[in-house]
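2 protein chains.
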Amino acid sequence: MELDNINPSVLHVKPSAMRKFDHDISVDPDIIKLTLGEPNFDVPEHIKAAAVKAITTNCSHYPYYWGFEELRQAASTYYRDKFGYHYSADEIVVSVGATEALASTVKTLFKPGDAVIIPTPAYPLYGALLTLNQLKPIFIDTSDSGFVLTPEKVQKAIADHPESTIRGLILTDPNNPTGVAYTQDQIAALAPVLKDNHIWVISDEIYGELTYGQDHYTISKYLPEQTIITNGLSKSHAMTGWRLGLVFGPHPFIDEIAKTHQYTVTAAASLVQYAAVEALTHGQNDAAVMKAEYQKRRDYVVTHMTAAGFDVVHPGGAFYVFAKIPAALHMDSWQFVKTLAKEYHIGLMPGDPFGDNDYIRISYAASDEALAAAMKAIKQMVADKSRNVSKTAER
Amino acid sequence: MELDNINPSVLHVKPSAMRKFDHDISVDPDIIKLTLGEPNFDVPEHIKAAAVKAITTNCSHYPYYWGFEELRQAASTYYRDKFGYHYSADEIVVSVGATEALASTVKTLFKPGDAVIIPTPAYPLYGALLTLNQLKPIFIDTSDSGFVLTPEKVQKAIADHPESTIRGLILTDPNNPTGVAYTQDQIAALAPVLKDNHIWVISDEIYGELTYGQDHYTISKYLPEQTIITNGLSKSHAMTGWRLGLVFGPHPFIDEIAKTHQYTVTAAASLVQYAAVEALTHGQNDAAVMKAEYQKRRDYVVTHMTAAGFDVVHPGGAFYVFAKIPAALHMDSWQFVKTLAKEYHIGLMPGDPFGDNDYIRISYAASDEALAAAMKAIKQMVADKSRNVSKTAER
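Protein sequences, first through last, are from chains A and B. Residue numbers 0 to 394, in numbering that gives the first Met the number 0, belong to the letters of the first sequence in order. Residue numbers 0 to 394, in numbering that gives the first Met the number 0, belong to the letters of the second sequence in order.
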């Protein structure tokens, strides 16, 4: 059979360069990885206990595809109290992680040929999902506005693309990879231009609980009828490998997303759903301990990276530092991370898959020892390679 | 926002009528359900213990998107020993249940506009997946050939649809809803016509371990280069709610399916993958106990349904009896199951969503007590309603 004969949308999309790089460097037994967005914390004990109980009491059967009613009720209350979401249980679908939440939402809301705005740098999944669904990405570079999307930039994108029907925007707040957390004013300012132009916002709020010195503001407060929120327990409760996501939105649209979800995965695993009920009813403070640690580590990484000569975006949330490679190194992001992995046994993410080849991303959801080793290695590499560059230049 | 403006493929597909009916009748506290294809057995203890260990030892992190190497190795050996599959670990992807295995496979292999054969009656998911992916279903009725797809029927479908590019066939063996298990000759006979016409077979073998008095034969033995197998642990290890599926196929195509899978769900839940390693390394005989029970129940149900006046397909596998409603009742499948649920508190599946409105499906993956109550109620209803029909006719 001819490979050329399969779905061209699948053929044209590339596997995640991030995860491949992470996988490839993992063969090095000495590697210290600050690559994936994965908390180094364990799942809180009370949630683990709930999962164990679900297993030992044989709660192993098919959940209804929307997810357990009890879980959706718990999510309704939890996120109302946390961020002011206003969604009842029948406006919430339980998904297989935030990835499936995004995949089912993108597949449902847009028609082949529709255009969708992605502010960059951005999590690479978004672009891949657009390609897979025959949608047209319109990338908006935010590096000249503090990595914040502004209404002016949206307006300009609309004006610059008269040939396209722009029907959506994927907004990530707090942002991955930059760590930027939007202020209330910045979020509120976006609503009118999106409303006037009938643009759906898919609001990826997976890092919502991880903001430092400021609150998280959801655009659904300003634009409820045009917002679909994707969220989940991977970051707030350190449950990355458990795959528990949530989709929130106006009922008739959530009803459609639920269908796509059903025919994609049937339902999220039942034992994980029981654990999630526990997380959302008694785990309101689970993120607080992690958050305090993350904030210390953020400050540590920002300080050291700045001292090493990197321009650093000041991160108000998430657990990433996005840092501009010193020009003296004459390296793009792939050269930098490959050299650092090979010669110094430290794994970082290149900025290229996020849309900016001059930056590297550091996940500081890692131990203090790992961060100290990474900072030391990065400083060393900058020193070594700047010397080399100078020497080469001298020849 | 206008609902009409979303993806028409999603808008046109209906939510699963099966699961909705099951959900709706569940409000009756007295209902005894033989509806979903769900074992009434619990997950074997050694598998539960492995899952608990994964939780308590904090194995909660992202697995690589293909699935753990150890799990794919275990699957390679397990299914080679069971059914003669010949796939190495790099020809196997771990999915979120068989549903996601099918969804990612259909999405990857076919281009919008391609036609795919579905022999009917069939599991309704298949048709929905074709609609969602802008594919054209070509339904082949198998009720006049003992519910077995023959090469002649494939040939005729090709001749009858000169306007279509038929690029796939979704084969379910053992079959849901009929319980028919193909013989080796029947499977072997299909290979040449599929080979000659370059038709992919998506071979859904989820009930492969549940055959009675005969072996399971995989078409991949005869057509390895054109077969993608979907399988999983839901039925063989009673792990329905755990969502662990597997996709097997030639490497370059599995590589493409893995991409779709990655961008749909990231990966199957890590703790479930650890449990699956245990199932596939030490659970070779887990299905045997269930199978012996199922076979007794099958015989019991077939005997009683035949006595009650139903024409019954003799099931060689799975755990369903597909039975033709006696003509004297003058009822279609929805009328039958709704009356039985409302007046007699027994839940069965209508044949209509499977493509045959004259039949009902009974899942005998249920307790002896439930089956006895169901048989009694069905006999009673046939007696009651046949009397009514006669009385009405007399007036």
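In short, the hints are calculated from the structure, not lab data. One should not assume that every hint holds.
It does not matter which identical chain is meant; a pair holds if it fits inside one copy or across any two.
Stated by the list, open to error - Taking lysine to any residue pairs in the SDA-like style, the calculated list, with each CA pair at most 20 Å apart, reads:
hint, residue 1, residue 2
1, Lys135, Pro28
2, Lys375, Ile165
3, Lys32, His60
4, Lys378, Ser269
5, Lys384, Glu69
6, Lys323, Tyr63
7, Lys19, Lys341
8, Lys52, Ala372
9, Lys19, His250
10, Lys13, Gly145
11, Lys19, Pro251
12, Lys52, Pro150
13, Lys19, Ile30
14, Lys13, Asp254
15, Lys47, Asp310
16, Lys19, Phe67
17, Lys47, Asn57
18, Lys323, Thr182
19, Lys110, Gln133
20, Lys220, Ala188
21, Lys290, Ala326
22, Lys110, Glu1
Every value quoted in this text rests on a predicted model; they were computed, and no experiment measured them.
Status of the hints after comparison with the structure:
1. With identical chains, the CA atoms of Lys135 and Pro28 are never at most 20 Å apart, being 41 Å at best within one copy and 50 Å at best between copies.
2. Proximity of Lys375 and Ile165 under a CA criterion of 20 Å is satisfied in neither setting, with 46 Å inside one chain copy and 60 Å between copies.
3. Taking the shortest alpha-carbon separations for Lys32 and His60, only the inter-copy value of 13 Å comes in at or below 20 Å, while the best intra-copy value is 37 Å.
4. Proximity of Lys378 to Ser269 under the C-alpha cut-off of 20 Å is found in neither arrangement, the shortest distances being 47 Å within a copy and 35 Å between copies.
5. Taking CA atoms no more than 20 Å apart as the test, Lys384 paired with Glu69 passes in neither setting, with 57 Å inside one copy and 39 Å between copies.
6. Proximity of Lys323 to Tyr63 under the C-alpha cut-off of 20 Å is found in neither arrangement, the shortest distances being 47 Å within a copy and 28 Å between copies.
7. Taking the shortest Cα distances, Lys19 and Lys341 sit within 20 Å of each other inside one copy (15 Å), while across copies they are farther apart (54 Å).
8. For the homomeric pair Lys52 and Ala372, neither the shortest alpha-carbon distance inside one copy (39 Å) nor that between copies (31 Å) is at most 20 Å.
9. In this assembly of identical chains, Lys19 and His250 lie within 20 Å of each other by CA distance solely across copies; the values are 17 Å between and 37 Å within a copy.
10. Taking the closest pair of Cα atoms, Lys13 and Gly145 never come within 20 Å of each other, the shortest separation being 29 Å inside a single copy and 45 Å across copies.
11. In this homomeric assembly, Lys19 and Pro251 come within 20 Å of each other (Cα to Cα) only across copies, at 17 Å, whereas the closest approach inside a single copy is 38 Å.
12. For the identical chains of this complex, Lys52 and Pro150 are neighbours neither inside a copy (49 Å) nor across copies (50 Å), given an alpha-carbon limit of 20 Å.
13. In this homomeric assembly, Lys19 and Ile30 come within 20 Å of each other (Cα to Cα) only inside a single copy, at 15 Å, whereas the closest approach across copies is 50 Å.
14. Proximity of Lys13 to Asp254 under the C-alpha cut-off of 20 Å is restricted to the inter-copy arrangement: shortest distance 11 Å between copies versus 31 Å within a copy.
15. Within a single copy, Lys47 and Asp310 get their C-alpha atoms no closer than 40 Å, and across copies no closer than 50 Å, so neither meets the 20 Å cut-off.
16. Within a single copy, Lys19 and Phe67 get their C-alpha atoms only as close as 34 Å, which misses the 20 Å cut-off; across copies the closest is 14 Å, which meets it.
17. Taking identical chains as interchangeable, the C-alpha atoms of Lys47 and Asn57 lie at most 20 Å apart whether they share a chain (15 Å) or sit on different chains (9 Å).
18. Proximity of Lys323 and Thr182 under a CA criterion of 20 Å is satisfied in neither setting, with 23 Å inside one chain copy and 64 Å between copies.
19. Taking the closest pair of Cα atoms, Lys110 and Gln133 come within 20 Å of each other both inside a single copy (8 Å) and across two copies (11 Å).
20. Taking the shortest alpha-carbon separations for Lys220 and Ala188, only the intra-copy value of 12 Å comes in at or below 20 Å, while the best inter-copy value is 61 Å.
21. Taking the closest pair of Cα atoms, Lys290 and Ala326 never come within 20 Å of each other, the shortest separation being 33 Å inside a single copy and 67 Å across copies.
22. For the homomeric pair Lys110 and Glu1, the shortest alpha-carbon distance between copies (13 Å) is at most 20 Å, but the shortest distance inside one copy (28 Å) is not.
In terms of the numbered hints stated before, the structure departs from hints 1, 2, 4, 5, 6, 8, 10, 12, 15, 18, 21, listed from lowest to highest.
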